[in-house]
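J.: Protein sequence lines correspond, in order, to chains A and B.
For the first sequence, counting from 1, position 236 maps to 235 in numbering that gives the first Met the number 0; every step adds exactly one.
For the second sequence, counting from 1, position 175 maps to 174 in numbering that gives the first Met the number 0; every step adds exactly one.
Source of the hints: derived by calculation from the structure; they are not laboratory data.
Please note that the accuracy of each hint is not assured.
No copy is singled out in the list; a pair is fine if it fits within one copy or between any two copies.
As the list claims (entries may be wrong) - Calculated cross-link-like contacts (lysine-lysine; reagent style DSBU-like; alpha-carbon spacing at most 30 Å):
#, residue 1, residue 2
1, 264, 252
2, 181, 54
3, 110, 333
4, 110, 252
5, 251, 181
6, 181, 149
7, 251, 54
8, 251, 110
9, 252, 54
10, 110, 315
11, 251, 149
12, 264, 110
13, 315, 251
14, 315, 181
15, 251, 264
16, 315, 333
Protein chains: 2
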Amino acid sequence: MQLRDFNQQVQPAIDETMQQIVAHPLVNPYTGLAAILRYHLGWEGPGNGQDAQGKRIRPLLVLLSAAACGGNWQPALPAAAAVELLHNFSLIHDDIEDHSPLRRGRETVWKRWGVPLAINAGDALYALAFEGIHQLNQTVSPQVTNQAYKIIIDTCIKLTGGQHLDISYENEREISLDWYWKMIEGKTAALLSACLLLGGAVGSASPVQMEALQRFGRSLGLSFQIQDDWLGIWGDSAHTGKSTDSDIVSGKKTLPVVYALQNPKRFAQRWLSGGITPSEAPQLAQWLIEEGAQTYTEQQASRYTGEALSALDQAKLDNPYGAALRELAHLLLKRNS
Amino acid sequence: MQLRDFNQQVQPAIDETMQQIVAHPLVNPYTGLAAILRYHLGWEGPGNGQDAQGKRIRPLLVLLSAAACGGNWQPALPAAAAVELLHNFSLIHDDIEDHSPLRRGRETVWKRWGVPLAINAGDALYALAFEGIHQLNQTVSPQVTNQAYKIIIDTCIKLTGGQHLDISYENEREISLDWYWKMIEGKTAALLSACLLLGGAVGSASPVQMEALQRFGRSLGLSFQIQDDWLGIWGDSAHTGKSTDSDIVSGKKTLPVVYALQNPKRFAQRWLSGGITPSEAPQLAQWLIEEGAQTYTEQQASRYTGEALSALDQAKLDNPYGAALRELAHLLLKRNS
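Chain A extracted, bound-state conformation (with noise of 0.2 Å):
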């Protein structure tokens, strides 16, 4: 199983699935809130179709996970949406928080509809995430749809203090690596490693492999975002489309700034006085290359790398579908976009 034929196979399918979700009879009488979500999903208003609809590649997880647990992604279908679902309400929550106006190219709902709806919408997509939970009784186990209750709650609750840290340090000089480590792990390691324990569980994986699928999706997601924001400072802007510097610019606390300021030199001392121009950020993307940030940035996106692969591994998952799983993690990990 080639992962493009799988992703091809399966991604209008949990389009479907999103769909019958969202058009939920108590969403429907309220058509402007459906509007705003199907504005925000993708489906509707300008700018709609496949580029903002995003990637989709947490519910492509979920159905790797499943298939190579079990053999079948199907039932796994509603959970699938149901990540999706929910990373969407957090998108739409983030927007209003981080005040971003643009979001795959398109306006956010807030700027859009306002801060009201767009908090309002935000709690209507959390809901439907947990209603895609709830439909899973169609195809498994009311045993398994309890556990994959259990699981997106504890996601929400760590995404929540993920969130919590982002957000409190905003306005703070003194952050810490263990600060950015405890965030990122909600922010981001917590939602992919659901993605792999939700397949697993509809799977029948085993405790052993639900293990190392948990630890997979960890260090996946910390892999990830390490890279994420490495590509913020040092990737090449027509490829993160976003200008180059633009993490710098916006003063975001990312792995390789959060570095520089533990050991404080010229980085910090720049950075510190704060208002950095775009013209100013290619000095200080340099002085953080001096300043071994972006050593340190590289080793640490390769050591989860390497963890993630391990973990991998330790699923035992060898069959075609364990080898497209392989493939996605690979093409996330060497990712130039």
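Dock chain B against the given chain A, drawing on the hints supplied.
T.: Just chain B now, kept in the frame of chain A:
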């Protein structure tokens, strides 16, 4: 069983269950987040204590319903805690959406910690409400737990539907009674219905009883809200704890106002030109009476009070807990504060 005795017996257990859920091992590492939640729930910070915790009528309804149907209130405790946490999540987000600086006489979460952390704290409480449902696994069968999840999910969708209408018509001149009923159906009736249904599910109520409990909760919620609207305009400020005229001055679209706008006369003319000062409010409240809005509002309150009590009869809860539930309904429907 007197309501007062029952309430005194169960409130410490409700509080303890809520405390245990909020002290979730995945929340604890995020001390800042835990502090926000504990502040909002009235356990910590300036002004903490019973007044800050609210009356916790919703969990009381869950426990009374469970006991009246099944004989025991203890197995319903996790569900009771869940509805109170869910109610509190919605209060945190509502306060942001309405830009309210005060809640139960204390600074609101967004006012104290800013909008981003407040949105996120609400999201955390949302997850913890579901954790409450998850903990039903310890007291009832997987089938009942599953049924409880479904009740909570549907309720969350209805809540966001009602809230969407409320926000999106905030600056709308053309509003109808149809809009009003749809809005409070979601914002108020849904959660009260859910309380009764959750108790019924835990207490193994028959399908006929479940249907009656659902109608009882809904009518109770509608009648309660209509009376709240009445008090917001004609209530004694000493009883409501706020200036008598506040709902007219704040421009809130309560039932008397919506009624008067259907057949525009003097009230509508002044209301639609906006910027009503506190000194004008008594005159506008008087016009509402003259134009029949008070009579209509009282008729509607009376209608739903009647429907609530008749539905409760049909649930045939002929035991001391059922009597206490009826006592609570009477108390809520004839309240003067």
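J.: For every hint, state whether the structure bears it out.
T.: Results for each hint:
1. 264 with 252: Close inside one copy (17 Å), not across copies (58 Å); limit 30 Å.
2. 181 with 54: within (26 Å within a copy, 37 Å between copies)
3. 110 with 333: neither (33 Å within a copy, 44 Å between copies)
4. 110 with 252: both (24 Å within a copy, 25 Å between copies)
5. 251 with 181: within (16 Å within a copy, 43 Å between copies)
6. 181 with 149: within (21 Å within a copy, 33 Å between copies)
7. 251 with 54: within (24 Å within a copy, 43 Å between copies)
8. 251 with 110: Answer is both: 21 Å inside a copy and 25 Å across each meet the 30 Å cutoff.
9. 252 with 54: Classified as within: same-chain Cα gap 25 Å, cross-chain 42 Å, threshold 30 Å.
10. 110 with 315: Close neither inside one copy (46 Å) nor across copies (51 Å); limit 30 Å.
11. 251 with 149: Close neither inside one copy (32 Å) nor across copies (40 Å); limit 30 Å.
12. 264 with 110: neither (38 Å within a copy, 37 Å between copies)
13. 315 with 251: Cα proximity of residue 315 and residue 251: none, with 38 Å in one copy and 61 Å across.
14. 315 with 181: within (29 Å within a copy, 53 Å between copies)
15. 251 with 264: The answer is within: 18 Å in one copy meets 30 Å, while 56 Å across copies does not.
16. 315 with 333: This pair counts as within: shortest intra-copy Cα distance 22 Å, inter-copy 65 Å.
When held up to the earlier numbered hints, the structure conflicts with 3, 10, 11, 12 and 13 and fits the remainder.
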